[in-house]
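Protein chains: 2
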Amino acid sequence: MITVDTAIKIVTEAVRPLSPKRVHFEDGLGLCLAQDVQSDIDMPPFNRSAMDGYAVIAEDTANVPVELAVIENIAAGYAPTKRVQRGQASKIMTGAATPDGADAVVKFEETESLEPNSRVKILKTAKKGSNISNRGEDMRVGQTVLFKGTPIRPQEIGILATVGKSDVEVFPAPTVGIISTGDELVDVARKPAHVQIRNSNGYSLSAQARRLGADVELLGIVKDTKKEIFDMIQRGLKKDVLIMSGGVSMGEYDLVGEVMKDINTRIYFEKVALRPGKPVIFGRKDDTLIFALPGNPVASFVTFELFIYPAIRKMMGFTAIHRNMMKASLETEIIVKRKRREYRPALFRTQDNVSYVSPVEWHGSADLLSTTRANSLLIVREDIEKYAVGQLIDVMLLPD
Amino acid sequence: MITVDTAIKIVTEAVRPLSPKRVHFEDGLGLCLAQDVQSDIDMPPFNRSAMDGYAVIAEDTANVPVELAVIENIAAGYAPTKRVQRGQASKIMTGAATPDGADAVVKFEETESLEPNSRVKILKTAKKGSNISNRGEDMRVGQTVLFKGTPIRPQEIGILATVGKSDVEVFPAPTVGIISTGDELVDVARKPAHVQIRNSNGYSLSAQARRLGADVELLGIVKDTKKEIFDMIQRGLKKDVLIMSGGVSMGEYDLVGEVMKDINTRIYFEKVALRPGKPVIFGRKDDTLIFALPGNPVASFVTFELFIYPAIRKMMGFTAIHRNMMKASLETEIIVKRKRREYRPALFRTQDNVSYVSPVEWHGSADLLSTTRANSLLIVREDIEKYAVGQLIDVMLLPD
Numbered sequence: 000m001i002t003v004d005t006a007i008k009i010v011t012e013a014v015r016p017l018s019p020k021r022v023h024f025e026d027g028l029g030l031c032l033a034q035d036v037q038s039d040i041d042m043p044p045f046n047r048s049a050m051d052g053y054a055v056i057a058e059d060t061a062n063v064p065v066e067l068a069v070i071e072n073i074a075a076g077y078a079p080t081k082r083v084q085r086g087q088a089s090k091i092m093t094g095a096a097t098p099d100g101a102d103a104v105v106k107f108e109e110t111e112s113l114e115p116n117s118r119v120k121i122l123k124t125a126k127k128g129s130n131i132s133n134r135g136e137d138m139r140v141g142q143t144v145l146f147k148g149t150p151i152r153p154q155e156i157g158i159l160a161t162v163g164k165s166d167v168e169v170f171p172a173p174t175v176g177i178i179s180t181g182d183e184l185v186d187v188a189r190k191p192a193h194v195q196i197r198n199s200n201g202y203s204l205s206a207q208a209r210r211l212g213a214d215v216e217l218l219g220i221v222k223d224t225k226k227e228i229f230d231m232i233q234r235g236l237k238k239d240v241l242i243m244s245g246g247v248s249m250g251e252y253d254l255v256g257e258v259m260k261d262i263n264t265r266i267y268f269e270k271v272a273l274r275p276g277k278p279v280i281f282g283r284k285d286d287t288l289i290f291a292l293p294g295n296p297v298a299s300f301v302t303f304e305l306f307i308y309p310a311i312r313k314m315m316g317f318t319a320i321h322r323n324m325m326k327a328s329l330e331t332e333i334i335v336k337r338k339r340r341e342y343r344p345a346l347f348r349t350q351d352n353v354s355y356v357s358p359v360e361w362h363g364s365a366d367l368l369s370t371t372r373a374n375s376l377l378i379v380r381e382d383i384e385k386y387a388v389g390q391l392i393d394v395m396l397l398p399d
Numbered sequence: 000m001i002t003v004d005t006a007i008k009i010v011t012e013a014v015r016p017l018s019p020k021r022v023h024f025e026d027g028l029g030l031c032l033a034q035d036v037q038s039d040i041d042m043p044p045f046n047r048s049a050m051d052g053y054a055v056i057a058e059d060t061a062n063v064p065v066e067l068a069v070i071e072n073i074a075a076g077y078a079p080t081k082r083v084q085r086g087q088a089s090k091i092m093t094g095a096a097t098p099d100g101a102d103a104v105v106k107f108e109e110t111e112s113l114e115p116n117s118r119v120k121i122l123k124t125a126k127k128g129s130n131i132s133n134r135g136e137d138m139r140v141g142q143t144v145l146f147k148g149t150p151i152r153p154q155e156i157g158i159l160a161t162v163g164k165s166d167v168e169v170f171p172a173p174t175v176g177i178i179s180t181g182d183e184l185v186d187v188a189r190k191p192a193h194v195q196i197r198n199s200n201g202y203s204l205s206a207q208a209r210r211l212g213a214d215v216e217l218l219g220i221v222k223d224t225k226k227e228i229f230d231m232i233q234r235g236l237k238k239d240v241l242i243m244s245g246g247v248s249m250g251e252y253d254l255v256g257e258v259m260k261d262i263n264t265r266i267y268f269e270k271v272a273l274r275p276g277k278p279v280i281f282g283r284k285d286d287t288l289i290f291a292l293p294g295n296p297v298a299s300f301v302t303f304e305l306f307i308y309p310a311i312r313k314m315m316g317f318t319a320i321h322r323n324m325m326k327a328s329l330e331t332e333i334i335v336k337r338k339r340r341e342y343r344p345a346l347f348r349t350q351d352n353v354s355y356v357s358p359v360e361w362h363g364s365a366d367l368l369s370t371t372r373a374n375s376l377l378i379v380r381e382d383i384e385k386y387a388v389g390q391l392i393d394v395m396l397l398p399d
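If you read the sequences in order, they're chains A and B.
One point on numbering: in numbering that gives the first Met the number 0, the residue at position 139 of the first sequence is 138, and numbering is uninterrupted.
One point on numbering: in numbering that gives the first Met the number 0, the residue at position 247 of the second sequence is 246, and numbering is uninterrupted.
No lab work stands behind these hints, which were simulated from the structure alone.
Incorrect hints may appear among the rest.
Since the list gives no way to pick one copy over another, a pair counts as held whenever it fits inside one copy or between any two copies.
[Unchecked claim] Derived DMTMM-like pairs (lysine to aspartate or glutamate); straight-line CA-CA distance at most 20 Å:
| hint | residue 1 | residue 2 |
| --- | --- | --- |
| 1 | K106 | E251 |
| 2 | K270 | E108 |
| 3 | K226 | E257 |
| 4 | K326 | D351 |
| 5 | K120 | E251 |
| 6 | K336 | E109 |
| 7 | K338 | E108 |
| 8 | K270 | E109 |
Nothing here was measured: the structure is a model prediction, and the numbers come from that model.
Starting from the given sequences, assemble the full structure and let the hints guide the process.
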């Protein structure tokens, strides 16, 4: 049986970023750039006033107060028409182009307007260049402003708008199909009969994938027969990622692995030294990655975070492909019974800049309710026998 | 001029969660529950095998090895039909209901199947109750399993599915309208003439709000005239939140505040002791919150995070309404010049469980490109004169 670390390595090495796609730049939010982006303009595009005030010749303000003749009123979006000469000033608004001749802007608060508005009293000496942003100081024509691989956040959206990149190449999010297997499953809207339960994994897995931006289709529930599983897998093979839930443990009706082999899926691994979630199959059939996860809800949840999360992030072109990890001070002693890596639903908190974590109460890998009280998974390593209170332990943070 | 802390307090106290809305439970992902949710079933709904193996009477396994007669084969989804008596066992699959009489399950790995399959050799003594999950141990009929105010994550989606809650009351995300003002602005697809720039704030603000789940409409660009601003504000008043960009500083064409007063907007504040972003107006007109932000891109970005982010989170019913804050060791000395709170684009990193932060190079509040190199905002307090290298400083984390 391979370790969790080996399994994660196998998955991430088997995955490549998807082929780039051109999208409207606003739809790039949350994706990664698949191209470098150059600016088509200088920014600022002209010497620009950073304040509302008066454009002056700095030398004229060497001895203050001094009165200057106001020769023009320059608004943002309009070109100055007059050159400022010694003894003169132009009233200027934030974002407007500074007029020729002027080499500083004195802000309104440091001036006094004189009636009839054609003269201004400057109260404070200006340094050459003050309150003027020089053409091209933030970016220049032809400069690469954003690089391939950059995650597109609101600030990158702003830069794409600034440089007029209305369409842009990105790594798309994968399409994901989800199949739930099990004769015991009924859909949400139905009331389960005595020996049945509702299909919950299909929906929680879908939510995990949707939160990553994936385009998810719930393919539905199949019975534990090779024929039904085979037929549904055919539909799933149209997706970039196929997730199967259930049918992978040692039972006689655990047929998912058999069907995967029947259709010549390349199997990378079938079992991982992990709790919960030992029986997890990872394979590839043509261009589709197939993850067959255990049917227990917590095992399903955890194995998605461990194996499918980094796979999808890598397909989307991210370089940071794993969940954030922290170290935290353990609040409850943990005795390690099994020689398998364990992931336990836990509550992480910080207080006075120190991080703490404690496992939440849970009844094992079927107890999904416990994960609603958790904001993290506490990682119990396979090579440690006991964790004492106060010991630092690894924690995988789960976002809100 | 009020402080940033006071302004944030004013905003969050003025905001109430929006009226709850009933949605299909899958569409609740990322929103908060506006109701308690009860389970309509016990979970597990029956005494359930947690393993593939044999259901036995524990006492029969006191001395191993022992041979038992196999009387039935119970799959998940099917009811057992025979009572297990002394000397007997039923083969059972994970998730299946345990048969009457049996009080333990021995997993396959601890048994040896005997030909012709009608007998099994048990190799390990079983404790009463082992590998059986008792009916109702995770949740009981009528139990409140999720509470009003809970953020709906994938695990909550799984619980809603489990208890058959196919529709659920949530606090919706607000509708947001965005208006960009300025005679100098042209749209992304156009090449700016000499004194123009492209509208970038509209798009970056939209992305900031969309990332929170808001339903955003870019209302467009208006010229700096009271008539155009007035007309566009009428459209914006149909939204829960109206964001205006530009037109709020001291210039003669900064007419946004005037128009807000003309239409009897209740103004909460007009200036905050903040850099970048001093001129920021917060008001309410009927049911619409209006935020008028400065036109400089970094000021626009920062003021959204400080004031609009918590407002939208509170409207959505979250109790955690602010960005995550951390303390980090400063990597560059900072001398404080102004008695205004400063937020600087910064790079936050952790190494060996210690957090570090350093400001990224920037040329002031127009330099949006600097924020693409940042993953956080470093907070320079108004009451401190100097930060030394290694000193702990507050950092607001910005997500990918």
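Hint check:
When the C-alpha separation of K106 and E251 is checked against a cutoff of 20 Å, the pair qualifies only between copies, where the shortest distance is 13 Å, while the shortest distance within a copy is 81 Å. In this assembly of identical chains, K270 and E108 lie within 20 Å of each other by CA distance solely across copies; the values are 15 Å between and 72 Å within a copy. For the identical chains of this complex, K226 and E257 are intra-copy neighbours only, at 11 Å inside a copy versus 71 Å across copies, given an alpha-carbon limit of 20 Å. Both within a single protomer and between protomers do K326 and D351 lie at most 20 Å apart by alpha-carbon distance, with minima of 15 Å and 9 Å respectively.
For a Cα distance limit of 20 Å, the shortest separation of K120 from E251 across copies, 18 Å, qualifies, whereas the shortest one inside one copy, 93 Å, does not. Proximity of K336 and E109 under a CA criterion of 20 Å is satisfied inter-copy only: 18 Å between copies versus 74 Å inside one chain copy. With identical chains, the CA atoms of K338 and E108 are at most 20 Å apart between copies only, with a shortest distance of 16 Å across copies and 71 Å within one. In the homo-oligomer, the alpha carbons of K270 and E109 lie at most 20 Å apart only across protomers (18 Å), although the nearest pairing inside one protomer, at 73 Å, exceeds that limit.
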